[in-house]
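Each chain, written out:
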Amino acid sequence: AQTVTQSQPEMSVQEAETVTLSCTYDTSESDYYLFWYKQPPSRQMILVIRQEAYKQQNATENRFSVNFQKAAKSFSLKISDSQLGDAAMYFCAYRRTSGSRLTFGEGTQLTVNP
Amino acid sequence: DAGVIQSPRHEVTEMGQEVTLRCKPISGHNSLFWYRQTMMRGLELLIYFNNNVPIDDSGMPEDRFSAKMPNASFSTLKIQPSEPRDSAVYFCASSLNRAETQYFGPGTRLLVL
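Keeping their order, the protein sequence lines are chains A and B.
Its first residue numbered 1, the first sequence is counted upward by one per residue in this note's numbering.
Its first residue numbered 115, the second sequence is counted upward by one per residue in this note's numbering.
No lab work stands behind these hints: they were computed from the structure.
This structure is a prediction, so every number in the text was calculated from the model and none was measured.
One should not assume that every hint holds.
For each label pair, taking beta carbons as the anchor points, the in silico distance ranges come out as [stated by the list, open to error]:
1. A:Gln69 with B:Glu197: 38 to 44 Å
2. B:Pro195 with A:Thr20: 42 to 48 Å
3. B:Glu132 with A:Thr20: 25 to 31 Å
4. B:Pro195 with A:Ala16: 20 to 26 Å
5. A:Gln57 with B:Gly117: 24 to 30 Å
All residues carry an ideal CB built from backbone N, CA and C; glycine is no exception.
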């Protein structure tokens, strides 16, 4: 069974600085997708970024980028120039290419200090 | 373009009562997912539909839970009878097809007293 682990229950960062959130996963599949979702206090789940396992190039969306290490089964999220609005719970998620079920990590609560 | 719509946003009920949660997926999406989020278990998939047909309901906790999708634009998740341990945030998500990115609704916060 696939598992996703986020070892940092809480992280904090100063406004305008950079923070990296960690995620590791376990799978025997070779084709899969990885996601980062953001959940602000409103509880809405918002897609931040997506990575296809067959792509070696790390995905980037504006201030958000990932460091995808397939051999190490690691998928970290880097937030540059952190803003107050980035404060939220961040979830790492996995899905097999041939499947539909998303498997989520436990989440990392990010605080942005002004 | 409207996102996934869920209603109600908040529900407070008493143990033993029937609860019905509603979801309208993004227009054109043919896969719909119901998730539950609790402190103890995190986010977990309850059931998902593809083209209105239930594909995987292995996450449905027990017979008290049922889900339907009578058409492409509407789904319900029903709990009957409800119990305090059902208190959670229930999310509906939809995707263009079963292999595409899932987009979540705002969730329904359910409290069973």
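These are the hints, each one checked on the structure:
no.: 1; hint: A:Gln69 with B:Glu197: 38 to 44 Å; in the structure: 43 Å, holds
no.: 2; hint: B:Pro195 with A:Thr20: 42 to 48 Å; in the structure: 46 Å, holds
no.: 3; hint: B:Glu132 with A:Thr20: 25 to 31 Å; in the structure: 46 Å, violated
no.: 4; hint: B:Pro195 with A:Ala16: 20 to 26 Å; in the structure: 52 Å, violated
no.: 5; hint: A:Gln57 with B:Gly117: 24 to 30 Å; in the structure: 29 Å, holds
The structure does not agree with the numbered hints 3 and 4 stated previously, though it agrees with the rest.
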